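**Q** Sequence:
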Amino acid sequence: MREKPYKGMKFAIIAAGEGARLSREGVILPKPMVRIDGTAMIDRLVRIFTECGATEIALIINDEQPLTKLHSIELQKTSVVPIRLVIRSTPSSMHSFYELSRYLHDEKFCLTTVDTIFRESEFKTYIANFIDSDDEGWMAVTDYIDDEKPLYVATDDRWNITGFYDTLQANTKYVSGGIYCLKPSVIETLQQCMEKGMVRMRNFQRQLIEDGRRLKAYPFSKILDVDHAGDIGKAEVFLKEMME
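Numbering (my numbering), first residue to last: -16 to 227.
Hint data in this document are derived by calculation from the structure and do not stem from the laboratory.
Mixed in with the good hints there might be a few duds.
Here are the simulated DSSO-like pairs of lysine-lysine, each with C-alpha atoms no more than 30 angstroms apart in a straight line [said to hold, decoys possible]:
1) LYS156 to LYS199
2) LYS132 to LYS199
3) LYS199 to LYS217
4) LYS223 to LYS107
5) LYS107 to LYS60
6) LYS223 to LYS156
7) LYS166 to LYS52
8) LYS156 to LYS132
The model shown is predicted, which means the values in this text are computed figures rather than measured ones.
Throw the hints in and build the complete structure from the sequences for me.
**A** Okay, structure coming up:
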């Protein structure tokens, strides 16, 4: 797909996780502040989203990490794009999404977690094309699998998503990349998930299919999550590959 001029949309960052695995493995900084090639992951996303024409950025962090809080407040002050900051600990990423949803009712938006590493060129094309789409969601997918519990994404031959699975299926070439471009209409499904007591983003995605939402898969060559100390080095190598 060709890259198009940005018309503007909102972006949302989930940075409320504890980063327990990183901490256990000797990483001192809280996850949002972990530096990849010299840049904190939260700063990298804010920069990229700004370059993508963000009209506003919604950000959630937990209330247990003073360093992340201080840094996020400073980001609010210095960012050229308004940042809506929510400070609250939540039991799951879906609950974090719900806390951010109050700011996402009036415009298309892109949601991801703070530790998601991707090719900027692919991401910017993805955003530019989704803005003109009539679909209710474009889910980033990749055939690069480096996740302990990947979410497999089933599609038809037109990239329409037909299901989300915890195990490999016949028609699941790709896994979820944890980046979601969505229309505000999907927040109705999120509300239903909360009322039913559901947890986890993958259950929200399954409910979108059950509700008949029109979703497409959008392939990325590679997407990494920084869950373990060893992932920091992998992410730095990946970023250097992008610059070559």
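**Q** For every hint, state whether the structure bears it out.
**A** Comparing the hints with the structure gives:
1. The hinted pair formed by LYS156 and LYS199 meets the criterion: a straight-line CA distance of about 14 angstroms does not exceed 30 angstroms.
2. Note on LYS132 and LYS199: the hinted pairing holds, with a Cα-Cα distance of about 22 angstroms set against a maximum of 30 angstroms.
3. For the given pair, LYS199 sits about 28 angstroms from LYS217 by alpha-carbon distance, which is consistent with the 30 angstroms threshold.
4. With a C-alpha separation of about 18 angstroms, the suggested pair LYS223 and LYS107 falls inside the 30 angstroms cut-off, and the hint holds.
5. For the suggested pair LYS107 and LYS60, the alpha carbons sit about 25 angstroms apart, so the restraint of at most 30 angstroms is met.
6. Restraint check: the Cα-Cα separation between LYS223 and LYS156 comes to about 27 angstroms, which is no more than 30 angstroms; the hinted pair holds.
7. Under the criterion of a C-alpha separation no larger than 30 angstroms, the hint pairing LYS166 with LYS52 is consistent with the structure, at around 29 angstroms.
8. Distance hint between LYS156 and LYS132 is fulfilled; the C-alpha atoms sit about 15 angstroms from each other, no more than 30 angstroms.
Of the numbered hints listed earlier, not one is contradicted by the structure.
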